Amino acid sequence: MSMAVVLLLIVVGSVLFHVFNPWWTTPLASNWQQMDDTLTITLVITGAFFVAINLFVVYALVRFRHREGRRATEQPESKRLERWLIGGTTVGIMALLAPGLVVYANYVRAPHDALVLEVVSQQWQWRFRFPGADGKLGASDARFVGAANPFGLDPADPAGQDDLLVAADEVHLPLGRPVLVLMRSHDVLHDFFVPSFRARMNTVPGQVSRFWFTPTVGGRYEALCAQLCGVGHPNMRGFVVVQDVAAFNAWQAALPTFASTQAKAAAPAGAAAGSAVEQGRALADAKGCTACHTIDGSPRVGPTWKGLYGKTETMADGGRALVDEAYLRAFIRDPQARQVKGFAPVMPKIDLSDEELAALVAYIQSLGSAPTQAATDKGVQR
Amino acid sequence: MKPATKKFLTHYVWSQDHKVIAIQYACTAIAVGLVGVVLSNLMRLQLGFPGQFEFINAERYYQFVTMHGMIMVIYLLTALFLGGFGNYLIPLMVGARDMVFPYLNMLSFWVYLLSVVVLMASFFVEGGPTGAGWTLYPPQSILPGTPGHAGGIVLMLVSLVIFIVATTMGGLNYVTTVLQARCEGMTLLRMPLTVWGIFVATILALLGFPALFVSGVMLLLDRTLGTSFFMPALVSMGQASGYKGGSPLLFQHLFWFFGHPEVYIVALPAFGIVSDLISVHARKSIFGYRMMVWAIVAIGGLSVVVWAHHMFVSGMNPYFGFFFATTTLIIAVPTAIKVYNWVLTLWHGDIHLSVPMLFALAFVCTFAIGGLTGLFLGNVSVDIPLSGTYFVVAHFHMVMGVAPLLVVFGGIYHWFPKITGRMLDDRIGKIHFWITFLGTYAIYFPMHYLGVLGMPRRYYSFEGYQFIPASAFSLNTFITVVALVVGAAQLLFVFNLAWSAWRGRPATANPWRAASLEWQTPTTPPGHGNWGPQLPVVYRWAYAYGVPGQGEDYIAQNAPPEAGGLEPEARGRSEGEARGAPA
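Residue numbers (the working numbering), protein chains in the order written: chain R, 51 to 432; chain C, 1303 to 1885.
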């Protein structure tokens, strides 16, 4: 008897929970209302089925539970009933599938006038690219990826020269215009997911995957990685700002082209860099350090650089170490030699010249705690 | 060696008796399953109380996630259903003296044990076990950004390859035994649904595991020899790698070509066992037996053409989505038939709410939720926002975690008297049942809503995400507390097993008054060879319950023909025809 009561409570409780719980889809901000509608259709049909099955069991348990002298009725099958059930289920399944496939047919065919946005992923950061005036994205390949060319664009392809690059985790999009998202990865699988947009796809190294959506509500939305991509996976964040066309155009007009970033990189180091700290800042972006190390104090995959210099770190083996110039140089040269407590030993060895290493250390020093500012100047002079 | 020692060794260690091998399989699987439970509780600690437990860093969290998943799916559920239940029940249920190849059967267990040892060894190598997620997707699984990319992944792949060798040895045995060793009168359509479920699941295992085997070997070569089966040209951690031209999606296709049938390798034995539990404890023949058999066969067949519904957002050719969404929803029809027939079996039954029956009913409820949420994820456009979120986690735990485990528990409570000659303790059993059933419901039902919200799975921490309301974190804390209670409650079950095996109430030969053949052995527990001097002869199906006009409300499969109780299709035919030819 208790089983019948519990099943009844589960049915009632589940329905009440559904009605009153605070969690449901994040507010929609794209054209994919249809996806939410198919979700609702599925919920109603499956919910009714769940309630019906369980109530049937509850009734059977009450009505046919064992009593002294009770004997089951023999009824091994009923062709008629089974045919009806198969028929009814088939109709229910078609009612689910048909709208689902119609929506999917829209999903796989992007509008022709869509704005092309390329999402470039690597552990654990997002970058973005728009085609330039020619409307074409230049060719790319993992073998071109380097400090001066983090997007891996083919320097010889004329179509890529005017491409607009966003070497940061925030991209802007115009309101109300369809966006065709083309996606690449330099290393492992990722997934560009903005919950409010519903639409999404994995990025796969070695190929370009795609999806489309139309932003319909202005605002700043969080983008996250939704395909396990290693130990920094939860920190792979980005933002999409949806704004009116004028604001978007102004933002886009300020983006550097591939050609201009190449020219800057090719310029003599002294002239371009200014100071060692500036050069270090550029290196930190180019070498991908900022994917794991923030400069605002929040820890990511690795320790934040804010206040790092001059701090005493606790190592995994329980020892303590003062973060000074020697420590930083040794750690960057051989990251696996020692482990900082609380952080995974995933930092790679990165090829740096002595000069680059000095610049990077100077930059980290410049973000250090106040007493070390004097040391910064010393580091620069060296 | 002393003869006594030798006897002990051949009886209990190097045994070729399918029943001893089944117990060895089951005990090993349960032991490794307990490790899996501990791992799940550790990861729940981090999710429920982020940052409170210093030793659970991101790296360890991903290692716990990965090992928990792989242990539960492969080393617990697959091994327990096929190696445990399959080994014990197939020969007894079809009236055979043993498996057809007893020596191979023994090897199968020892090779399985080796695979478990290799898997556990990965906890102790430098860098620890792999943290690539149980799907082991390359390129990530063998690159430096992932924990255990050095030794852990190698041991994981080696362990899987060894496990597949064990499964193949066992599987060939089960299939051959079902096809060749049935006793006189045991036609295929007189076999209990338990045997049907395990039989079709084994065929799926023999078809599916080779895909995992080759993908495991290829990934191992990519990892150790630098081949590029699954590895395109890529830049890892700022360094160009030597890989070139491989396809990460190829691995996913191979993995899920195994991985989806794997769901049914676990589910079909559960379907079969639960059918028998419901029928015996409701004292009624299973409703629509032949439809149930065809549904098992249809599900088995369809299960090898649905795999890419795991890959709707993988970046594969999007037009595949139409095909795989359609096949996936078609498979819901035979599955729904099974649910109907389970609940229709209760109709006009004589329902005994024994512990096995409670577990069986809880299975129907849990499986209904898990199956229905599968209709969300299988329908491609509904799946797009939900894939990779906690909705998926809730779905697969309901449908292939909790539901089959409820059947495992029910099955063990049901057959324990035959295996040991003693009953499990009912009171502990009921406490264990209520905590497990209600606890898992409280864990996974609300979890679906976190997924609808968009919370991604496999996140070590959700710190700083604005779209997640604070209430979602409270829910996570609640789920963790319940998970700890449910985890601890499993010790009750283990205690019950150990205590009842020695001290439990002695059981009669057929305490549930069941009709199928395994309850009709001359001794309990059955001796080596099962049947004494004479093999049984079967005259009817396994579901002769509530036959009108009889004293008892069941007729054993091997009771003399004049007792009646024939399967529906044989009624009206002459006795000689209805008996069926032995294989």
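These are calculated hints, taken from the structure and not from any lab test.
Keep in mind it's a predicted model, so treat the numbers as computed, not measured.
Any given hint might turn out to be false.
To be verified - Below are the SDA-like pairs computed for lysine to any residue, each with C-alpha atoms no more than 20 Å apart in a straight line:
1) R:Lys-186 - R:Leu-305
2) R:Lys-391 - C:Ile-1358
3) R:Lys-129 - C:Ala-1542
4) C:Lys-1546 - R:Lys-391
5) R:Lys-186 - R:Ser-310
Verification of the hints:
| no. | hint | in the structure |
| --- | --- | --- |
| 1 | R:Lys-186 - R:Leu-305 | 16 Å, holds |
| 2 | R:Lys-391 - C:Ile-1358 | 12 Å, holds |
| 3 | R:Lys-129 - C:Ala-1542 | 65 Å, violated |
| 4 | C:Lys-1546 - R:Lys-391 | 36 Å, violated |
| 5 | R:Lys-186 - R:Ser-310 | 17 Å, holds |
When held up to the earlier numbered hints, the structure conflicts with 3, 4 and fits the remainder.
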